[in-house]
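Residue numbers (our numbering), protein chains in the order written: chain D, 249 to 576; chain P, 249 to 576; chain E, 321 to 651; chain G, 321 to 651.
Among the hints, a few may not be true.
What the hints assert, rightly or not - Here are the in silico distance ranges between beta carbons for each label pair: (1) Glu514/D / Lys359/E: 54 to 62 Å; (2) Asp311/P / Gly504/D: 40 to 48 Å; (3) Asp443/P / Lys389/D: 25 to 33 Å; (4) Lys519/E / Asp635/G: 16 to 24 Å; (5) Gly504/D / Val495/E: 51 to 59 Å; (6) Ser625/G / Gly504/P: 32 to 40 Å; (7) Asp452/P / Asp635/G: 58 to 66 Å.
Said to hold, decoys possible - Under the rule of at most 25 Å between Cα atoms (straight-line distance), these lysine-lysine pairs were calculated in the DSS-like manner: (8) Lys446/D / Lys509/P; (9) Lys529/D / Lys570/D; (10) Lys417/P / Lys367/E; (11) Lys367/G / Lys384/D; (12) Lys359/E / Lys387/P; (13) Lys519/E / Lys384/P; (14) Lys509/P / Lys543/G.
Think of the hints as simulated: they come from the structure by calculation, not from any bench. Where a beta carbon is used, it is the ideal one built from N, C-alpha and C, also for glycine.
Given next are the chains, with one letter for each unit.
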Amino acid sequence: MSTPLGLSRETLLRWYDDMLLVRRFEEKCAQLYGMGKIMGFCHLYNGQEAVSTGAIMGALQPDDYVITAYRDHGQAISKGVNPKAIMAELLGKSTGTTKGKGGSMHIFDREKNFLGGHAIVGSHLPLAAGFAFASKYRKEKRVCLCFMGDGATNIGDFHEALNLAALWKLPVIYIIENNLYSMGTSVERSSAVEDLSKKALAFDMRKEVIDGSSVLEVYEKVKKAVDHARVTYEPSLLDIRTYRQRGHSMSDPIHGHYRTKEEVEEKKKNDPIHLFGELLKKEGIADESQFEEADKRIKALVEECVEFAENSPEPSPEELWKDVYYGE
Amino acid sequence: MSTPLGLSRETLLRWYDDMLLVRRFEEKCAQLYGMGKIMGFCHLYNGQEAVSTGAIMGALQPDDYVITAYRDHGQAISKGVNPKAIMAELLGKSTGTTKGKGGSMHIFDREKNFLGGHAIVGSHLPLAAGFAFASKYRKEKRVCLCFMGDGATNIGDFHEALNLAALWKLPVIYIIENNLYSMGTSVERSSAVEDLSKKALAFDMRKEVIDGSSVLEVYEKVKKAVDHARVTYEPSLLDIRTYRQRGHSMSDPIHGHYRTKEEVEEKKKNDPIHLFGELLKKEGIADESQFEEADKRIKALVEECVEFAENSPEPSPEELWKDVYYGE
Amino acid sequence: MSVVSLREALHQAMDEEMARDENVFLMGEEVARYNGAYKVSQGLMAKYGERRIIDTPIAESGFAGLGIGAAMVGLRPIVEFMTWNFSLVAYDQIVNNAAKMYSMSGGHFHVPIVFRGPGGAAHGLAATHSQALESVYAHIPGLKVIMPSTCKDAKGLLKSAIRDDNPIIFIESEVMYGDKGEIPDEEYTIPIGVGEIKKHGSDVTLVSWSKVLARVVLNAVEKIEEEMGISIEVIDPRTIKPMDYDLIIGSVQKTNRLVIVEEGWPFAGVGAQISHVVTSRAFDHLDAPVERVTQEDVPLPYARSLEHASLPNVDKIRRAIQKVLYKNGQE
Amino acid sequence: MSVVSLREALHQAMDEEMARDENVFLMGEEVARYNGAYKVSQGLMAKYGERRIIDTPIAESGFAGLGIGAAMVGLRPIVEFMTWNFSLVAYDQIVNNAAKMYSMSGGHFHVPIVFRGPGGAAHGLAATHSQALESVYAHIPGLKVIMPSTCKDAKGLLKSAIRDDNPIIFIESEVMYGDKGEIPDEEYTIPIGVGEIKKHGSDVTLVSWSKVLARVVLNAVEKIEEEMGISIEVIDPRTIKPMDYDLIIGSVQKTNRLVIVEEGWPFAGVGAQISHVVTSRAFDHLDAPVERVTQEDVPLPYARSLEHASLPNVDKIRRAIQKVLYKNGQE
Ligand SMILES: Cc1ncc(C[n+]2csc(CCOP(=O)(O)OP(=O)(O)O)c2C)c(N)n1
Ligand SMILES: Cc1ncc(C[n+]2csc(CCOP(=O)(O)OP(=O)(O)O)c2C)c(N)n1
Ligand SMILES: [Mg+2]
Ligand SMILES: [Mg+2]
């Protein structure tokens, strides 16, 4: 039986599970935030799941690097970071990914080559060039995926990082998760070019526009960029069109002065999980009952995460003085 | 009798004088620097004269704004800043353009709308957008010419300033004085695109490549950009190809690891003053004797500048505390 | 008198000054259509239009620099940083262009601009989003730094800042935007560089400002006064630079003891400067060395317990007061 | 012992550490083909090739950040800022990424990187190019700040810095690059955080560092000792953060007087921090309040006379010493 892109049934279902896990995880975060158990800023990934699943779980090897901004739960999960540890982090527990130091915006996992979780817009782009630089310096074949929002393409570090990556041929793929808005500001009100992929022209950089509602298209085109980088060390700029179904962060409205309820409803029809589910059914790879089973299984897993987090200890007071200077 | 671009004989000769004045002024600076009378960093303009003369004296109105980097003597002179005051500044005298506060890299003149003289590479580009913003805010027709080096196109402020200028349609013309090197680094070793005008593509900005050895071409094409900005408020990025005949600053060699003596000699054949002189002769607008007369006149003027500077008083000690907080 | 929130007080200051002077405009991320990330500019776009209330891309260095340029040629920009943490990408623009322009241009161009926004820690925002940065700005000649702790001061000082012809660093507190306070009904301004005695006392002088004064110190003093049977004089300098040393020294000459409580980090913080100047000018009046309570010298962690342990709190303030009074906590 | 210039001492440190560890590389503007704007990296490209000696575009934030990223995954970059003035465009990278990464990542990623280059004033470089910025870096937890004043210390401390696993701010002096000094022939390092008594004395302790110590203080002390008939103890902390307070306090317990001479601006400068800590820990030993000599609180002008008047000089140091000794200059 032929499957989409010749991918195995197991692979396709694993991707579906991953997207669903991210969705359910974020919904739980919203709940816990409402209950005051998660503090600070919390930026949810609802609607963008096909990007992290297709790009990371789909196109990457385990020892490839991933770095992203503060909207980082999805990429972390797709890179294999333990969701229990992520949930514990959100609750500020010692079992969290950073022992309660970083919180939602700063998820890190050395073992999984997940290098954060960064909260200053654009400032992580040069770091990504640095990981790629190190890979090339050591003559490794590791590549780096660096995720950013559309709003991040207007800041200076974007220009400096992409110029260095293109000039020195560094194996980094810069992925714009173009969800059309930076907080309440639409792309056409913040960028002189609405087609953000055009920004690659200033660096003669390989570029592509990608439909972020299709996990298969994301996988296929990110994989092409990754393979290209592995062989040639050349970077790419990928403009992945997606949509944020919730408010910018927990304290922001889903719609308001900057986008209408109608727009959000319209966009939700392209929900990436729904579309992928329909495709899997059409292709006869799965049926409704399997999706129901998956949903049960994943909801249970998310509950386990919460339980683990709830039952984990607070960081000890001495923790305040740890990890400030290495080796001291 | 028809003249180039239908410009009056007086105009053409005035431009020739301006270019020659800049040249002789800089040669004198080199002398005085050697004598230890000019301190600190001093960046000479030799070889780039056609740019400041054609763009500023040629294409601008008096109330238009000019801002540039630290290689600023030429633009200041072409904008009408008194060369005596500039020379006095270089000697650190109270009669200098900034009373001895700023030195060579920080020439300012409010009356002439010359807004510096800036020494942090790229940091003046956002200021230029601000002048243009103010012009539009007040519904004036003033435009701003902002000069920068080729090396400045790789820094973040370049990206942020050009995006704001294009996004908000601000009447600013960004002029790259592309002399092929930033200190000892050639354009192809510092920028992912060798054709720097391509950087305009990231902002859908009007752009043009200009031969900086021809004062007439500089005038004609900068004028087009200026007129366009006056009418439409739209910015431009102009890549003017020129050449620095001397070292980066007084302490740097004219040639060395980064460029050969041969290259410099070859490039000097395109000396903009020489080329313009030949053209004026060919067109029968001036002959050798007039150039000799002009050279005498201008050398005398430069001597006056030195005399004025030498005979000017040092800043008074109280000056240290002045101009720190306005109105205090 | 009427009671308003800090958010409203700041809003009124900008509204009144924009009505008063056509050259004043507000620029920043989300200040216009979104009505401000923290709603300080709520309604200003509706009133003044998008010509004077301007949404920017995420490009702090770019729009800070654009504002500086506009100020050089006569406009009076108010540049909002969504939080002061994000000003660090614009640090060069503020330090090299805004602060030095008037001097470096030999008086040709001054820079009447206000940079404002919330600073310091909120709750659970972690290291990059919780910084109290007054020291790294107050260190720079050419800048003035203002940090109000009340609604009244916030409005009066922001109006003075907008009218001032120099670059001003105006640091608010995001957790206080909803806090209410009385402000006069008639128009008023509060002079830059003049501190205020918040509470008279005789045994110890306590200097603090902004959120840590309003939220921690003022709640702690009465409690501590009762516990220890002492009387504390509390001073709010309101302006960090120029600092109102005379007011503090006058108080220390009476109490002979000084405690400084600040949210910033200890090393070369604002408190170190106050401690040095007061000690050198009131050396013979000090019965004990100046004590400082600061944030611990570590990046601020996310977890609530660690965050609390790192920031100034009542216990630390009590210990500092006991120390300058040579009283052992155990007694 | 052999006599080398400061330039050569720094060069040797980088050369030896690059030979010792393949992961060490040098990156910055003009460091490779141009052999360094100040020739500190002279010959390194010829020896190690362009893979390890790397010319960058003018993009301090970009290459500082790239270096931080490379350090996070195990390389040990040396990032040269042509001068520290240009680091201000990379301030966010250093403050938010380099300094906080180890803590914010809960120990997952530390950042072994050295940022180095010349700081402070040279001659006639004016306001934007003459800044002594140690205070705005030492204020930030997670960073170490080193400012050597001799060739020996420069080499030994730079080697320690390159081997240290934390982000290091290493500030040199461009006017001193040609200054000569003795260094041991055998390999050596100098520990970070340990100061040195440059000259023993009994009446006043004088703390200073970097160029102002080497070029101004050391020339002034003997003269002043003779004039005033006193003996001065001179201390070079060598590292600004962590500061060797114990060494200074030990000296002050003997001399009972402290003068701090620094090139930076006064407000919340490093000297304010030293003054506060020493005063609070040696209060009963101080016979006079701590005196500071700093750059005046203005942007540094170009003209030689104004530049000289703004920077620390012998007259200012003499006055400060007279003050802590309660001696009137006129006597
Ligand atoms: C330098 C900087 N400026 C401002 C902010 C505040 N801020 C956080 S997220 C955000 C919007 C970013 O939008 P985008 O890049 O499109 O990412 P998205 O949130 O849509 O995923 C802003 C302005 C910041 N974190 N850093
Ligand atoms: C941000 C910053 N980094 C580095 C420097 C040091 N620097 C001064 S001029 C220069 C080269 C600039 O070259 P370019 O922009 O091409 O201008 P040109 O000198 O050729 O006119 C450098 C690196 C600086 N002044 N500012
Ligand atoms: Mg977005
Ligand atoms: Mg150049």
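Here's how the hints hold up against the structure:
no.: 1; hint: Glu514/D / Lys359/E: 54 to 62 Å; verdict: violated (28 Å)
no.: 2; hint: Asp311/P / Gly504/D: 40 to 48 Å; verdict: holds (43 Å)
no.: 3; hint: Asp443/P / Lys389/D: 25 to 33 Å; verdict: holds (32 Å)
no.: 4; hint: Lys519/E / Asp635/G: 16 to 24 Å; verdict: violated (44 Å)
no.: 5; hint: Gly504/D / Val495/E: 51 to 59 Å; verdict: violated (23 Å)
no.: 6; hint: Ser625/G / Gly504/P: 32 to 40 Å; verdict: holds (35 Å)
no.: 7; hint: Asp452/P / Asp635/G: 58 to 66 Å; verdict: holds (60 Å)
no.: 8; hint: Lys446/D / Lys509/P; verdict: violated (40 Å)
no.: 9; hint: Lys529/D / Lys570/D; verdict: violated (51 Å)
no.: 10; hint: Lys417/P / Lys367/E; verdict: holds (23 Å)
no.: 11; hint: Lys367/G / Lys384/D; verdict: holds (20 Å)
no.: 12; hint: Lys359/E / Lys387/P; verdict: violated (30 Å)
no.: 13; hint: Lys519/E / Lys384/P; verdict: violated (50 Å)
no.: 14; hint: Lys509/P / Lys543/G; verdict: violated (51 Å)
The structure fails to meet hints 1, 4, 5, 8, 9, 12, 13, 14 from the earlier list, while all remaining hints are met.
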